[in-house]
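**Student:** Sequence:
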Amino acid sequence: MKSVDSFQSLDHLDVGGQRYEYYRLDAVRGEGLDVASLPYGLKILLENLLRTEDGGDVTADDIRALAAWDPAAEPDREIAFTPARVVLQDFTGVPAVVDLAAMREAMQALGGDPHKINPLAPVELVIDHSVIVDDFGSPSSFQRNVEIEYGRNMERYQFLRWGQNAFDNFKVVPPGTGIVHQVNLEHLARVVFTRNEEGRLLAYPDTCVGTDSHTPMVNGLGVVAWGVGGIEAEAAMLGQPISMLIPRVVGFKLTGQMPEGTTATDLVLTITDMLRKHGVVGKFVEFYGPGVSAVPLANRATIGNMSPEYGSTISMFPIDEETLRYMKLTGRSDEQIALVQAYAKAQGLWHDPDHEPRYSERLELDLATVVPSIAGPKRPQDRIALSSSKQSFRQELAGLVGSHAASYDEAVEESFPASDVPSHEPPARRSNAARFTLADGSQCELDNGSVVIAAITSCTNTSNPSVMMAAALLAKKAVEKGLNRKPWVKTSLAPGSRVVTDYYERAGLTPYLNKLGFDLVGYGCTTCIGNSGPLIPEVSQAINQNDLTVVSVLSGNRNFEGRIHPEVKMNYLMSPPLVVAYALAGTMDIDLYQEPLGKGSDGQDVFLKDIWPSAAEVQATISQAIAADMYREGYADVFAGDQRWQSLPTPKGDLFHWQDSSTYVRKPPYFVDLQREPSPVTDIYGARVLAKLGDSVTTDHISPAGAISRTSPAATYLMGHGVEQPDFNSYGSRRGNHEVMIRGTFANVRLRNQLAPGTEGGYTRDFTQDGAPVATIYDASRNYLQTGTPLVILAGKEYGSGSSRDWAAKGTVLLGVRAVIAESYERIHRSNLLGMGVLPLQFPDGENAQTLGLAGDEVFDIVGITALNQDQIPETVMVRAGDIQFEARVRIDTPSEAHYYRHGGIMQYVLRGLLKS
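My numbering numbers the first residue of the sequence shown as 32 and each following residue consecutively.
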């Protein structure tokens with residue numbers, strides 16, 4: 032639909048003989064309107080409003096409000112943002128397509144046209160989350176893992192093939208191709224988008240939302256993109272604008288250059304540490320200053336990728352010569368590159384190192400101060416200087432095995448989120464050595480701190496040729512010195528695109544990685560999302576028999592407790608070359624600056640400094656081995672897939688035929704008995720607490736993506752349907768089946784529910800039974816549903832941090848939870864809760880369950896939310912819990928969110944709107 036264009040901003044641009052129409056930002060003029068000094072990200076939002084102005088969702092007043100943005104003001108103005116496209120990965124993409132299929136049926140049942148349920152914006156789904164490291168350390172590992180992946184996921188892949196045929200504007204990148212964010216960075220992102228509209232060719236900024244929190248990776252290309260829940264993504268796919276408040280923007284000035292021996296990983300961990308301390312949740316971050324031009328685009332993408340780890344919505348880099356250089360390297364057409372340059376310069380989107388936009392807050396980093404770093408063992412924001420890693424590890428280990436000094440506990444707590452741990456003499460490592468023999472006859476000794484997983488994985492780093500080449504060159508030098516990985520370490524290489532293995536081959540480095548066990552295992556997320564596969568059997572047995580606290584090291588972006596592997600308690604993020612180094616050392620209990628990695632073939636000690644490649648070596652190898660033709664050829668038929676994908680039997684028809692026997696894809700219950708009009712909102716009475724949780728409960732805790740425990744309710748369901756344990760697959764792969772996912776909600780093996788002290792995992796107390804015995808959360812929820820008892824969750828700070836996981840909200844509502852009361856929320860999860868009709872409430876400032884004296888055994892009433900029936904959003908509601916009473920802040924932040932809650936969720940709201948249109 033053509034814009035109302037109140038500011039008469041429509042103009043044209045001629046590039047290479049092609050005429051493009053576009054909406055000029057500098058046409059927005061008037062008293063108090065200063066477009067030129069707006070931050071880069073807000074300029075792109077402004078163009079979005081100019082282009083989509085319709086007098087309803089977007090008005091001239093909205094455009095004026097954004098142009099007159101006050102950087103000092105707190106966000107209070109709602110705007111409607113319409114992304115150019117949507118990207119999905121398969122864990123979140125399958126349930127999104129399941130929901131669309133169910134919406135088509137619901138639309139037909141209500142007498143509407145099911146074809147209205149169809150993506151209006153381009154949607155690209157990349158299958159990257161399903162490959163598991165079942166096989167490793169062999170030249171055949173990749174093929175073997177792909178075969179297992181297809182065997183496990185046949186139903187899901189057939190369903191996605193059906194969706195590709197049944198829906199318009201929906202494309203699928205098949206398995207074994209790459210990771211969604213790396214594919215987006217290297218191929219899908221246009222930087223400037225074009226489309227034919229009423230006989231004219233319109234140019235506008237490429238923007239996207241994705242069902243993965245690391246979608247901001249393409250911020251490094253100058254593309255405004257962020258992660259949303261699958262629920263919001265479905266609405267965007269159906270043409271609904273995304274409601275948002277005009278955010279505060281943090282300007283991050285970069286100066287200087289990175290020192291020798293540091294990597295992009297060290298830089299991003301430093302920035303994560305700084306921004307986490309500063310506090311940027313819900314804000315835009317924008318990099319500016321003379322140091323920007325010194326940051327290679329691959330490093331910019333790594334920084335953007337980690338946005339959710341420090342909490343910002345986006346982390347933008349403006350378009351400049353480095354952007355064009357990267358586009359040329361990755362095989363974009365000359366015509367596209369010329370358009371990007373011309374459009375950016377015409378719109379004031381081209382980087383000027385001397386220009387400083389107006390910002391809400393400012394930070395500054397001299398790149399020369401960055402030092403080698405790792406992060407862990409439980410959170411990505413907990414940076415540790417590599418020089419302090421041994422000391423930090425020993426302190427963390429002491430806490431896990433029960434000999435932590437109280438005074439040091441307090442020092443660490445006060446330093447949260449610590450960059451380097453406070454100075455303190457580390458305790459001696461508590462040894463619990465276990466000796467065992469591997470299947471090949473190797474004699475091994477495993478102890479606390481032994482590294483049992485070393486994974487080069489995740490788009491965060493595998494998209495960056497500098498750190499990937501550094502890892503391979505380090506491997507080459509290690510092999511030449513006569514070093515090898517320790518035999519108890521499960522090693523793997525899982526890059527985010529085929530280009531990585533192509534340039535390894537061209538550089539002649541693959542044999543050295545293979546020699547150390549870093550054979551290709553797949554093109555996907557693998558270890559970073561918990562798809563690390565089984566440990567070496569004898570290693571697993573030694574861990575469990577001796578209660579060992581062991582370690583994983585990975586080049587990923589997430590290391591939350593229980594995420595990487597259920598038998599591994601400590602997880603450290605680091606650059607790919609350090610992953611190789613720790614695989615050689617076999618332990619975290621080592622000072623890599625002072626202690627040798629092992630002895631070479633000449634009997635001499637070999638230190639990290641002896642095999643660390645110089646920046647010049649890395650760059651020379653990149654220049655020799657990487658060229659644009661690799662990207663053009665690698666992505667030429669990216670949607671076609673191999674023979675295995677093309678020969679999949681595919682269901683036909685516009686409506687999906689659900690199979691009762693399927694344990695992967697089931698018709699969801701969200702639209703059962705749906706009426707044309709929503710029922711009035713009601714207050715909540717007689718509610719019970721299902722879980723009382725502490726701080727930093729992540730979406731991994733709420734809805735794990737990894738392995739399904741054989742003792743879990745989900746396992747009981749699967750075995751009842753004839754699925755044996757080797758075929759359980761992961762929770763993430765089963766997200767198309769609500770029966771599995773309900774049983775998996777709050778089922779993380781590391782979840783600690785304070786309502787059931789002494790337990791770990793998905794347990795609670797069931798107050799429908801005499802004596803309120805401990806029961807699984809799923810079993811207790813069924814009893815509460817039978818008795819008509821609504822449920823609430825109590826939580827601490829940062830509730831729902833981590834991945835943008837819609838099932839953390841879907842599972843919550845299907846358990847019968849009506850409200851969550853937390854100290855604070857992660858942005859996407861709060862939005863997802865509302866998107867499923869769950870009320871997010873916040874404790875009064877400075878208060879929490881503990882300070883209010885809430886034990887969790889009280890009966891709760893929540894009164895006052897019925898004001899929504901009068902089109903009012905109450906600021907607070909009254910909460911009564913036994914004798915305790917307090918006012919909780921209502922976290923319905925925009926009018927659109929109020930509509931979603933009134934309708935019982937965003938899907939119901941969209942469906943009713945399309946029914947009326």
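For the record, the hints were derived by calculation from the structure and aren't laboratory data.
Don't take each hint at face value.
Below, a list of computed lysine-lysine pairs in the BS3-like style, where the Cα atoms sit at most 30 Å apart [unchecked claim]:
1. Lys409 / Lys640
2. Lys147 / Lys698
3. Lys376 / Lys359
4. Lys202 / Lys698
5. Lys147 / Lys284
6. Lys512 / Lys546
7. Lys947 / Lys698
8. Lys33 / Lys202
9. Lys33 / Lys947
10. Lys828 / Lys308
11. Lys683 / Lys698
**Student:** Does each hint fit the structure? Answer for all of them.
**Tutor:** A quick look at each hint next to the structure:
1. Lys409 / Lys640: Satisfied, since the Cα-Cα distance of roughly 28 Å is no more than 30 Å.
2. Lys147 / Lys698: Distance ~19 Å between lysine 147 and lysine 698 Cα, so the pair holds.
3. Lys376 / Lys359: 18 Å, holds
4. Lys202 / Lys698: 22 Å, holds
5. Lys147 / Lys284: 46 Å, violated
6. Lys512 / Lys546: This hinted pair holds, its Cα atoms lying about 12 Å apart.
7. Lys947 / Lys698: Since the Cα atoms of lysine 947 and lysine 698 sit roughly 24 Å apart, the hinted pair holds (cutoff 30 Å).
8. Lys33 / Lys202: 26 Å, holds
9. Lys33 / Lys947: 22 Å, holds
10. Lys828 / Lys308: OK: lysine 828 and lysine 308 at ~15 Å, within 30 Å.
11. Lys683 / Lys698: 17 Å, holds
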